[in-house]
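Please build the complex by placing chain B on the supplied structure of chain A, with the hints as guidance.
Number of protein chains: 2
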Amino acid sequence: MRKEWLACLGLYTQLSYGAEGMWTFNNLPLDRIKSEYNVTLDPAWVRKVMLSSARIEGTCSASFVSKDGLVMTNHHCASECIEQLSTAQKNYLTDGFLARRRSEELVCPDIALTRLEEITDVTARMQQATAGLDGPAYKKAENAARAELASACIGERKDKVHCEVINLYQGGMYQLYRYHRYPDVRLVWAPEKSVAFFGGDPDNFQFPRYNLDVTMLRAYEDGKPAKLDNYFTFSKDALAENDPVFVPGMPARTRRQMSVAQVAAERDVYLMSELLRTARLAGIIQQYGSTSAEAARTSETLLFDLENAYKQMHGELETLMDPAFLARKQKEEDALRAFVAADPALRDKVGGAWDAIAAAQQTYREIGKRYWLLERATAFNGLYFRFARFLVRGADERVKPNTERLAQYSTGRIADIEREIHSTGPVYAELEQVRMIASLTRMRDMLGTDDPLVRRVLGSKSPEQLVADMVARTKMGDASVRAALWKGGQEAVAASDDPFIQLARSVDLESRQLRARYEREVEAVTQKNNELIAHARFAHQGTKVYPDGTFSLRLSYGQVKGWNADGMEQKPFTDFAGIFARHTGAAPFALPASWLTSRDGLPLTQPFNFVTTNDIVGGNSGSPVINRRGEIVGLAFDANIHAIGSGYWYDERNNRAIAVDGGAILTALKSVYHADALLKELGR
Amino acid sequence: MRKEWLACLGLYTQLSYGAEGMWTFNNLPLDRIKSEYNVTLDPAWVRKVMLSSARIEGTCSASFVSKDGLVMTNHHCASECIEQLSTAQKNYLTDGFLARRRSEELVCPDIALTRLEEITDVTARMQQATAGLDGPAYKKAENAARAELASACIGERKDKVHCEVINLYQGGMYQLYRYHRYPDVRLVWAPEKSVAFFGGDPDNFQFPRYNLDVTMLRAYEDGKPAKLDNYFTFSKDALAENDPVFVPGMPARTRRQMSVAQVAAERDVYLMSELLRTARLAGIIQQYGSTSAEAARTSETLLFDLENAYKQMHGELETLMDPAFLARKQKEEDALRAFVAADPALRDKVGGAWDAIAAAQQTYREIGKRYWLLERATAFNGLYFRFARFLVRGADERVKPNTERLAQYSTGRIADIEREIHSTGPVYAELEQVRMIASLTRMRDMLGTDDPLVRRVLGSKSPEQLVADMVARTKMGDASVRAALWKGGQEAVAASDDPFIQLARSVDLESRQLRARYEREVEAVTQKNNELIAHARFAHQGTKVYPDGTFSLRLSYGQVKGWNADGMEQKPFTDFAGIFARHTGAAPFALPASWLTSRDGLPLTQPFNFVTTNDIVGGNSGSPVINRRGEIVGLAFDANIHAIGSGYWYDERNNRAIAVDGGAILTALKSVYHADALLKELGR
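Chains as they are written, first to last, in this note's numbering: chain A, 1 to 684; chain B, 1 to 684.
Note that these hints are calculated values from the structure, not bench results. A portion of the hints provided could be inaccurate.
Unchecked claim - Residues from chain B that keep clear of chain A, each with C-beta distances beyond 12 Å, as calculated:
| hint | residue |
| --- | --- |
| 1 | Ala88 |
| 2 | Glu104 |
| 3 | Ala516 |
To be verified - Simulated pairs of lysine to aspartate or glutamate, EDC-like, Cα-Cα distance not exceeding 20 Å:
| hint | chain 1 | residue 1 | chain 2 | residue 2 |
| --- | --- | --- | --- | --- |
| 4 | B | Lys329 | A | Asp268 |
| 5 | A | Lys311 | B | Asp322 |
| 6 | A | Lys461 | B | Asp201 |
| 7 | B | Lys369 | A | Asp201 |
| 8 | B | Lys311 | B | Asp348 |
| 9 | A | Lys329 | B | Asp268 |
| 10 | B | Lys369 | A | Asp322 |
| 11 | B | Lys311 | A | Asp450 |
| 12 | A | Lys369 | B | Asp566 |
| 13 | B | Lys311 | A | Asp268 |
| 14 | A | Lys571 | B | Asp451 |
| 15 | A | Lys311 | B | Asp451 |
| 16 | A | Lys571 | B | Asp450 |
| 17 | A | Lys311 | B | Asp445 |
| 18 | A | Lys369 | B | Asp322 |
| 19 | A | Lys311 | B | Asp450 |
| 20 | A | Lys487 | A | Glu397 |
| 21 | B | Lys311 | A | Glu274 |
| 22 | A | Lys311 | B | Asp566 |
| 23 | A | Lys369 | B | Asp396 |
| 24 | B | Lys461 | A | Asp201 |
These numbers were taken from a predicted model, which means no experiment stands behind them. All C-beta atoms, glycine included, are put in the ideal place defined by N, C-alpha and C.
Same shape as in the complex, but just chain A (with noise of 0.2 Å):
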């Protein structure tokens, strides 16, 4: 039935291997999962673990564990909201925080839950609304198309409701999402980071590993924890190799389907750009970090960040400059296009699609730096302008017809916005003069001095001087400023004094002249084209396929697995006795006194991390790891160094997930944390 359907719908995309794949799911591959594994997965076990999933919006994934609104994810996923919630006198990082009553559960004021409720497909509608269209207005008539849909379906219930449309198959599908929505959450149990992130920096995407990866929060509905019909429970079995597993969780944007000169593009444009500013920013910041013990705690999480995107880029710009995955990729693309010209119909309707593309892509070429440096923003780095420039859009686009906004403006997703103006968590002056210091540097670097842009925002000033001077005066960093100028719409902001949000408005007008021209020359052209080609894929390879990630909810299912490398076989557990011999005392290998007083009540042959072949990216990040009963069995958290350029292709040779063993956490939980009332709510 689902293969039909598809069919119809004119579905196509890649073949896969073993493991591969980030399903949706209203299309599972219940047969492959039948014959592979010998696990039937029915109705009622695909709604329950739909129900028990969450997003934590903009970042991770999570999943619901009790009754009562108790939700799991990583330690990583949380971190920024215990930064927030930590003090010069009281570092939750590095004490670890754990509410003993529920009173005592400290609000996250960054973090949102979404829960998916409903997928319907609205690729008719979609698809009628662009018909016959081409360049800006195709992409305004999808814009306008899409915010009406979630206008529509989130109708009255903004708090609770959070609707979007997704493309998936490059386009040949449309669906839309229902969330409920989770705006107060607070924390619960957070380990302390030494043991969390046990290994640091060096050991992030490596295997073997020793984290204790994991937070508890709490979904508050109308001031009291969220009440749920659908949670997951923990096994009470141990896991073994081979044993058949699920990640249900939101792989972000994955780019498997693009062509030849969209992956250059993307590599050279994007990817080199932002692997060298993310190398120079991470060394001020690791730089500035070690100058006090304040500076190091107020940018501990950003240098994380900083970090971790820089490895994760790395090793996606090894993956694109391999010699190996480049003539794979030319090799599938030269036969599709073979494929395609051997066809009269499909080379009128598809042939040109490539040379669109990469036309699209050289356009892309030349614009890609200023695009980047203003409309990105990553020419004024740090939470000022993030603020400032949402309150100059915020402004200008409330005004306008819901259809007619930025995307990001529109009815169904402007809640994040406003939940960040409102956001009482603390910003830090000194580590924002920093960030803006190095980005308005970058940027003159990049353009020149003499650039028109460079002189209307530093005039005769340095970018020491006049970034001073701006956070001197500014008052971004006041959520009650933030939220008077939110609400006082474009008059107040055109009023405002303060020198970011005239930053802000100084630049916006090439900044959104720059974005229109991505979208209509590059965005939009390369889209429909995409299109034509998942067409003529689906026409090659048949319809075993699964879309790109889109930061939406999906399935993966895969097995308990080592892996072999270099003529090494990797074992897939680690047990607590590793995490001991790892010890040194010196961060980032130093176990916090809680887990040194407690060495000789736990039972050192309990597995603690895992890998497994589950086709994971980015975003996946605080899935749970879950058996065929749908039971909790661990946590994901990372990927090993060879799925690092998973966005591109997967591996099951080697490429594997991470995880937190299930039974770990319910262990350090009583023997180390001594948390029983967490322990009872979690049914142990």
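Frame of chain A; chain B shown alone:
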């Protein structure tokens, strides 16, 4: 005559276009210079220019400008010395320096000069030494022959003579260059860095430009100013657009003859990795320098070097990722391979060369990461390790016969190392600490925590802990300690408990093994096969050829000329008025007080900087720009942004050298610095 001689030696490299080429002094394209610029260079002109030109060992070009050993070079070529002579109390980078009498001239601790005096062809001797050999035997025999020739050339006059065997045309020709050596060089005049490097990093590689990037040094012999028969004088005529000009100087290694496989490996193994390393280290040093005035002062030159290298490598990487460049390169290679394939004799001899190089480059891809970390010491950044390795290897190498030593330690070259060992230049412990932490952290990231080398180096410590301890205990910053260890040789080194000596010893075996493998499997194979390709290229393209740059004396010809880019015409001259217009008061656009107070007395129409079509690259900095009469009309200090990939190709349409106008130097000496004695010495 010259051409026939080239032909019988089997020389061969590339056709050149327009002003392209860095020509050896015994193979100048005199006919072309005559036909294109109507300038006849007679043998006396050539010899005088050769003897008036100088090299700053390891870094830059320079020229003699008086009979008393006065030397002109760039400020940025001498800035390390200027920084070394400065203290927290007296900062010559900030304030400039002028010795009003010779007794005030200050010894530059790390500068030695050489002047080329004789070129002898040794191709037959070298080819004989390596005939029939392969792999390690080839490399060993080549090194031994080099060391023997250089040693015989130097004889007993080690302090005053320097000799080196230069490999030209990818091994098609070997020549022995004999230099007079000036190890005692003193600082005479340096303007303030704010005008020498006006516009700073943002304007680096840009034009229009306004830099007084000049410094005067003096060569001493036996404690007295060196007496010279040959030196340049300043032209009395103003330079005009289209005037033919010549640049004698030392272009560093260029890579215009590399095969496609070699270029790709260079990009992926060396350039990408070094660029990322430099980006991060620059960020760290930039942020470190922002913490105090003293940190800024002590890190200024290092930061300049990092920023400069970053821009250079970034430009090169862009060239090497440019589809147009790669396509051109591939086309040239395909054409040459087709030419070879069509000739049975050539095919038998050369046909396999490209694949052999590609295989060697594959080995480079495999070992490159460790090779760079260890043998190129990017894992151990800073002076402490540099000194320690010199001491450890110096002890082990000096007990070997000259012909069996590592090349750097052979009689012909060891003087450079001895100069560094005995240098009295300051070493800043805090800066060393920052550099060493950064590089060890990077090593751990790149190799992984469990790598045996990482474990051996770090033990159970973090890089911060280890380095703090090492820096507290090391005496490598003390020249007298280094001198004693150098003198004490193997026994003293083995007995040393200096942590950097111990580190250098502990990694030396693996490091030497990597070097040996690199030389054997990558370098020797590539070199040998490049020779074969060079033969084929000569047969294909004919005789009008120049060899890739080798940091040895070359002459470039060209003319004063602007360029067109993006439909905008760039005039070739800037003037004094321009720098005052560009002065904002904020660094790096802040003129020093000397210029501001002299403004009224300055001729504002005086040409300041200018551009020419000369094909110069790194290493040419500090080269004089001379006219047809061999008189100084300018001082080369930079190239424009279009020329940044010129290590790989030259494009006369928009590649330009940038120079300080000779008249600007004299005018500044007169009206800003009132350096009357110096002007008199220059004949004004």
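Hint consistency between A:Lys487 and A:Glu397 [alpha-carbon to alpha-carbon, up to 20 Å]: The given pair, whose Cα atoms are some 13 Å apart, holds under the 20 Å limit.
Hey, is B:Ala88 genuinely clear of chain A, shortest beta carbon separation above 12 Å? holds (20 Å)
Can you confirm whether the C-alpha distance between A:Lys461 and B:Asp201 stays at or below 20 Å? holds (15 Å)
Given the hint that A:Lys311 pairs with B:Asp566, test it: the Cα-Cα distance must not exceed 20 Å. With Cα atoms ~37 Å apart, A:Lys311 and B:Asp566 exceed 20 Å; violated.
Quick one, are A:Lys369 and B:Asp322 close enough, alpha carbons at most 20 Å? holds (15 Å)
Given the hinted pair A:Lys311 and B:Asp445, is their alpha-carbon gap at most 20 Å? holds (9 Å)
Does the structure keep B:Lys369 and A:Asp201 at a Cα separation of 20 Å or less? This hinted pair holds, its Cα atoms lying about 19 Å apart.
Non-interface label on B:Ala516, tested against every C-beta of chain A at 12 Å: holds (22 Å)
Between B:Lys369 and A:Asp322, does the CA-CA distance stay at or below 20 Å? Holds, at about 15 Å.
Hinted pair, alpha-carbon criterion (20 Å max): A:Lys571, B:Asp451. Please report holds or violated. holds (18 Å)
Does B:Asp566 lie within 20 Å of A:Lys369 when you go C-alpha to C-alpha? holds (16 Å)
B:Lys461 and A:Asp201 were given as a pair; does the straight-line alpha-carbon distance stay at or below 20 Å? holds (15 Å)
In summary, the structure is inconsistent with hints 5, 8, 22, 23 from the numbered list given earlier, while agreeing with the others.
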